[in-house]
Amino acid sequence: MLLSSLVAQASPLSEQQVKQLQGLVSQLNPIQQAWVSGYLAASAQLAGQSVAVAPSAVAAPAATLTVLYGSQTGNAKHVAEDLGKAASGKGFTVKVQDLAEYKAANLKNERFLVIVTSTYGEGEPPENAISFYNFLFSKKAPQLPELRYAVLGLGDTSYEFFCKTAQDFDQRLAELGGKAIIARADLDVDYSTAAANWQQQLITTLEPEFAQAPASTADVISWPGASQTAAAESSYSKQQPFSAELYTNQKITGRDSSKDVRHIEISLAGSGLRYQPGDALGVYFSNDPQLVKELLLLTGIAANTPVLLGTERLTISDALTEQLELTQSYPAFVDKYAKACGSEALQALVADKTALRSYLSERQIIDIVREHPALISAQQLVDALRKQQPRLYSIASSQAEVEDEVHLTVGVVRYQAYGKPHLGGASGFLAERLAEGGSIKVFVETNNNFRLPENDDTPVIMIGPGTGIAPFRAFLQERDARAASGKNWLFFGNPHFTQDFLYQVELQNYLKQGLLTRLDVAFSRDTAEKVYVQHKLLKHGAEVWQWLEQGAHLYICGDGARMAKDVHQALLTIVQQQGGKDEKAAQQYLDQLRIAKRYQKDVY
Amino acid sequence: MSQYPVNPEFVAPGKLSDNERLKAESDHLRGTISSDLQNEITGGFNGDNFMLIRFHGMYQQDDRDIRAERAAQKLEPLHNVMLRARMPGGIIKPAQWLAIDKFAAEKTLYGSIRLTTRQTFQFHGVLKPNIKPMHQFLNSIGIDSIATAGDVNRNVLCTSNPVESELHQQAYQWAIKISEHLLPKTRAYAEIWLDEEKVETTETEPVLGDTYLPRKFKTTVVIPPHNDVDVHANDLNFVAIAEHGKLIGFNVLVGGGLAMTFGDTSTYPRRAEELGFISLEHVLKVAEHVVTVQRDYGDRVNRKNAKTKYTIDRIGVDNFRSEVEKRVGVAFEPVRPYAFTSRGDRFGWVEGIDGKHHLTLFIENGRVLDFPGKPLKTGLAEIAKIHQG
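Sequence order for the protein chains is A and B.
Here the working numbering is used: position 125 in the first sequence is 131, and no number is missing along the way.
Here the working numbering is used: position 251 in the second sequence is 305, and no number is missing along the way.
If you are wondering where the hints come from, they were derived from the structure by calculation, not from laboratory data.
In this text the structure is predicted, and so the values were computed from the model without any measurement.
Think of the CB as a built atom: it goes at the ideal place given N, C-alpha and C, for glycine as much as any other residue.
Treat the hints with caution; some may be incorrect.
[Unchecked claim] Stretch-level coverage of chain A by chain B, calculated; a stretch enters the list once three of its residues show a Cβ under 8 Å from a Cβ in chain B: (1) 354-361; (2) 508-518; (3) 525-538.
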C-alpha cells in the first residue's frame, strides 16, 4: 500500500484531497501512519460506510508487471519488493510474489515478468524456487511468445556457480520465446547500488508500455486491511536496524567440546519488532579492533585518515570497524587490492578463477594483506572493500514464550590458519567482543517458507543437527504455548553426547512433559562407525513413513552442503522402501510435499 | 517369605522403607535397566534403576565440580558410573591387571584404577555406552561386579598375610567359596550385561530372599594375629583356626560396624562379638544362616538401624545365635583361643614361609594413576608385565 502512488483517478478522493493526504502522510512515521489508518477505518465503519473501493469499471486489460523472487536469505525478496514499490510509484500495476506461491499455470498469461533470484550451493535454485524451476525446465513449460521478461541475479562471486539460477531462468525464458526487456544483471554481495540502477533502467524501459495501459489500480487501495498489517509492523528494518541489548551470551557446549556454540538472548523491548517461529534475525556487527589495527599497520595508514564511503565522510578506522567486510574474502577485493598495490602475483591469481576460489576459501581479508603487505592509500583500501552484509541467524525462540526477547543459537567460527587464530565476524562479535548489556543492531527477516502447520493437530518431523536445532526450539516453544495437540518428532545430531547435546535439559523436559513425542539423536564421534541424523531417519523409516502418511510436515534446518542432501536421500529411500515406490515416484512424492508446503528447508 | 518360622516379636514394626518397595518390584534386580541402556537422551539411569545398578556393582555419579557449569550450558550433569569389582580376598593376576590398566586408560573419564579398602579395584567415570562393554570385558578376564554394592553380601575380605603363606592359601579359598555361596542367584547380571539368554524358570533367592537383605552386609576371613581386615568393622567374620599349619575351622564373630550418623543417637559403632567355633564342613551353612537370620530380623523400616549389629542388639545375641543354630542344625562349639596383635598394613618387603618375597605398597587414596614425576600406573603395569603371578 503506497500512499505516494495514490492518484485521483484511482481513488474516491478529489485531486485536492489527495494532495492534502499526501502532505500529511509524508510527515508521519510508519507507526503514526498505521494509527491514522486504523483510526480512519474504524470511524468509517462506525459511520456505516463501506470503504472498500469497487474495482475499476474500465474493462480494458491492465498491463500487470509480475515480479517473482527466489530467495534464500531474503535479499532477492527485498530487491523484488523495492522494485514493486518503485514501479507502483510510477503507476504500474504490480504483483510481487514468492516463487513458492506462484501458480506456474499462470505463466502463459504473463506479459511482463521479472524474476529476481539468488543461487544456492552448487548452482541450485533457492529452496522456494525449486518447484517453479523444475516446471520451467520440464516438458510442461508453455511457449511464451507474448512474454517480455527481465531477470536479476543476486550472488556471491566467491562461489563457482555465481548467479547460475538467474542465468538458467534467463536462458530458458528466451528458449520458450520470451523477449528480454533489458539485459540480465548478475550482482555480487554488495548489490544495492547496482540493483537500484537496474531497477531504474527497467522502469524507464517499461514506462511507455504502462503509460498506455489504463491505470487500473484498484488493488492498490484497501484501507481497512492496510491498518491491520501496518500496525503489526515495526519501523525497524534491514535498512534501519534496531539497536538491541544483549541480555545473555551463554556457551552451551561442554568444556571439552571441539565446538563453541552460544545461546544468545537479545532484548527487543521497545522496538515493536515481531517475529514468528521460522524467521531469522539479521545482525550487524563491529569488526575486531585488533584486526583493524593490524590491517592499518600493514598498509601504513593512520587510523584517523578521513575517507569517503559512498557520500559519507569518516575515519578509516571507523569505516573498517563498523561498515566494511573484513572477515569474508571475495574475488573483487583481490582484484582491486592487487591493482592498488601493483602485486603481480595477486594479479596473476585474479586471472585464474579456479586458483582464486581455492585461495579465498581459507583466507580472510587479513590473510591476503598479511601475505602481500603494501603501502596503499586509505581511500584505495576502502574502495577495495565491500560493505558489510548483516548475518542471518535462524531464531531459536517463540514470542509466545519469550515475549520481547529473541534467542539465537550461534556457532562461533574459530580456527587456526597460517599460524594465526581466526574468528568469524558476527559470531566473534557476539561471542567475544560484545559484553552482556552491550548493544547490537538487529532486524527481523521473515521467512514464510519455514512455518509450522496452521493446524495444531498436524504432526511435525524436525531434522536439525548442530545449530540447525535453533528454529525447532522456536517451534517447540510455540507448539507448547499454543497447547498444540499435534505430535512432535525431533532428530538431532552433533559430534559428542556429553559435550554437544545442544539444549539437552530443555529437550529432556519436553520429552517428560510429552510435548516431544520422540527425540532421536546421532552423536557421530561416539561410535566407531559415524552415525548421522540420516542414519537415524533410515533406522526409523517405517515410523517416518507412517507420520508422513498421517500428514506430518517435514522440516530440515542446518548445513545445506551435505546434511540436507543426505537427509533428502534418506527420505527418498524411505518413501521408496516404505511406500513401495520407484525412485521417480518417490521424487514426485517429495516434490508434492514441497508444493503442499509440507517439506520445508532452512539450510545454509 | 522366609522358609523358616519367623518370630514376629523379632521383626521391627512400621512401614517398610522405599528401598524395600523397589527391591520387591525389581523383578530380581532387573528393573528396566536394559531399556535405560537404550535411552540415548540421558547418560544416567532413571527412577529405581538408579538404585538397582548398585546391586550390579555400580554407582551412578557425576562430576560435581562442573555440575553448575553444565547446568548453565543447558547440559545434564556429566553422568557416569563407578564400578566396583568383586574380587574375594583381593587377588588379581598380572594378565588381569594389564587388561584393567588398559581399560582404565581408554574407557574411563579419569584414566585411573582405584584400589579400595575392601580389597578390590574400582573404575571411576565410565559413560553409559561403555558400561555393557566393560562388563563383557571383565567377564572375559574372569572378573565380575555382582553384589559389590546394594543390600547384599559385599566383596569378601581375606587377610593378606603373605608370611603365613600356606594358611593364607587355604583361607583365601574359603573367602571365594563364601563369596560365591552368598551371591544373588538371579540371572539379571548375565542377562543385562552379558547378553545371556533369559531362561524361563521361576527364579528364587533362597539365601538372600526376594527382597534381598535389609542393608549392606560385609564378610571377612581373617588369619590371626593380623586383624588387617578389621573384624570389628564387619557383619560376619571367620577367624581362621589352624592346627600344625592346617586350617581346621573358624571362630565366628558377628555384628561389627563402625559407622554412625552424627547427631542420631540410635546409631553407634559396635564391636563384633563371638558366636562360637565351627569346623570347616559347616562354614557355608553358617555363613548362609547368619545371613538368613539377618535377612528375616533385620530392620526393614529404618535403614539407619538395619545393619546386623542393631539386629543383634535388638533381639539379643543369644536369640541370634540360637536362630542360626536352629537353621544350620548344628550348635556352635566354644570359641578356640586366638589373639590379634596387629591391625593395619605392614608396608615394605616380607619373606613368606614359601621363601617368596612380598611387597606391601602404600598407594595414596588408592589412586593408581601416573602423577608428575611419579608414574605409578605405568610402574605397576611394568611389574605386571614381568611377573608370572
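Structure-based check of each hint:
1. Restraint check on the segment 354-361 of chain A versus chain B: 0 residues with Cβ-Cβ distances below 8 Å, three needed, restraint violated.
2. Chain B is given as covering the segment 508-518 of chain A, and this holds because 8 residues of the stretch bring a CB closer than 8 Å to a CB of that chain, at least three being needed.
3. Remark: the segment 525-538 of chain A is confirmed as covered by chain B, as 6 of its residues place a Cβ nearer than 8 Å to a Cβ of that chain, reaching the required three.
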